[in-house]
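Colleague: Kindly generate the complete structure, drawing on both the sequences and the hints.
Protein chains in written order, with our numbering: chain X, 1 to 370; chain G, 371 to 432.
I should point out that these hints are in silico values taken from the structure, not numbers from a laboratory. Using N, Cα and C, we set each Cβ at its ideal position, and we do this for glycine too. Some hints here could point you the wrong way.
[Said to hold, decoys possible] Covered stretches of chain X, going by a simulated chain G footprint (3 or more residues, C-beta under 8 Å):
no.	segment
1	290-303
2	309-316
3	319-331
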Amino acid sequence: MNREVTLRQITFMYLFISISTLLRQVPQALAMEAGRSGYLSPIISIVATVPLTAIVIFLIKSFPGLNFYEIMVQLIGTFLSKIIILFYLLWLLLVTTAKVTAYSLTLEFTLMPRTRSDFFMTVMIVLVFYALLRGIKTIFRFSELTLGTILILFAILFVCAVSRLRTDYLLPISTVNLSRTIMASKHVVAVGGNIIIALFFADKFGIAITKSQFHKLWFGSLIFTGLAFVITFFTFGISGTSLTANLPFPFYITVKSISFFNIFERFEVLITLICILSDYIAIAIFAVLLFRCLGWLFHLDQCEYLCIPMAVIIFYLTYYISSTQFEFNFLYRVLIVNLNLIFEYAIPFFIAFLCLIMRKKIKSNINKQY
Amino acid sequence: MIYVFGFTIIYTLIRQKDKLLRSKKNLIIYLLLSMIGIAMGIVYLINPYLPSISQVIEQYME
Chain X
1 MNREVTLRQI
11 TFMYLFISIS
21 TLLRQVPQAL
31 AMEAGRSGYL
41 SPIISIVATV
51 PLTAIVIFLI
61 KSFPGLNFYE
71 IMVQLIGTFL
81 SKIIILFYLL
91 WLLLVTTAKV
101 TAYSLTLEFT
111 LMPRTRSDFF
121 MTVMIVLVFY
131 ALLRGIKTIF
141 RFSELTLGTI
151 LILFAILFVC
161 AVSRLRTDYL
171 LPISTVNLSR
181 TIMASKHVVA
191 VGGNIIIALF
201 FADKFGIAIT
211 KSQFHKLWFG
221 SLIFTGLAFV
231 ITFFTFGISG
241 TSLTANLPFP
251 FYITVKSISF
261 FNIFERFEVL
271 ITLICILSDY
281 IAIAIFAVLL
291 FRCLGWLFHL
301 DQCEYLCIPM
311 AVIIFYLTYY
321 ISSTQFEFNF
331 LYRVLIVNLN
341 LIFEYAIPFF
351 IAFLCLIMRK
361 KIKSNINKQY
Chain G
371 MIYVFGFTII
381 YTLIRQKDKL
391 LRSKKNLIIY
401 LLLSMIGIAM
411 GIVYLINPYL
421 PSISQVIEQY
431 ME
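Modeller: Here you go:
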């Protein structure tokens, strides 16, 4: 069957859009909140990411061929679904704007400190506009094509970095910090929740989905946890907790000290490139989700003509959400992480709970329809 | 940038007029979102040093 999007592509996309946040914000946030034992938080995050993956699979299995909005309509009715979608729209607007801000701050911090942020944002808007013109298949295939190379590069980087690890930065860890380590895992959980994009595209998978396709989501969830752990472990092990907590992009500084058998150096440029590619795809996919939400909210068939007004709103919103790196870090830690937990966990858990209660009624409705 | 965005909005309006005029809803949403964007741009042009959302939250939390 020729499906527009497959679960394999969703898994690749999930991992690809999570990379930039894992590299940039997660190590710093974990170091600030959990201290030395922060590198264990990604392992604890499994407690939340695995149930979320199970819920995504459960909802797709319960409502084959329906997307997130249509599932909500079946469970809570059109009016409440539209209210929830309106909140999702606002959240996506904030998340997309935050991604654009993070991307321009990354470029200012790493490669081009003298260039103004509006130049970076304009370039990104043009590139995303081009990607949207080509369609979602192109965006998904780009992530499918690039992720493998990025994972191989990470593997080489981490092999080269083993000799630089300092055990005194990683050990000893105490059970006294256990509660802080558990609480800090919310920063990893907030990124791992990106897997709900599968629900937004669930109507494009087709009606018959095999078990092996669902296994890809589990595989993606495990790879995500592994990647989060390895990135945090090496950042903590090479740069130390206090430096990691006080730098805006600690992994970038960590990679500066890594060389490939003293032959190749300056891998940090590649890390910046990976972050920018990840941000680019994340902004493009969040823009697609924004247009899907707009379409569901106002019953619009096509939303391409709304690209320019949305681009204007996002461009100026970047100036209103934060003006410096410190303000952005604060906004991310205080607002975005908590909002992510609500929209990526609380609402899907609530919908799955309703689905569990109303299962018999829904099954009889579906049987009547077909 | 506001002039570039203003020009692009008018250009899109002319280019996509068939789709936009097909139903009132499309046109209203397009104009509403454009006006929100342009209004945000004008406010930023008038006072670029307005306190950001992050700053407001920080002050509120203190």
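Colleague: Each hint: holds or not?
Modeller: Quick rundown of the hints versus the structure:
Three residues within the 8 Å Cβ limit are the bar, and the segment 290-303 of chain X against chain G gives 5, so the coverage statement holds. Note: the segment 309-316 of chain X has 7 residues with beta-carbon separation from chain G under 8 Å; the three-residue rule is met and the coverage holds. Requiring three or more residues with a Cβ within less than 8 Å of a Cβ of chain G, the coverage given for the segment 319-331 of chain X holds, as 9 such residues are present.
Against the hints set out earlier in the document, no violation occurs for any number.
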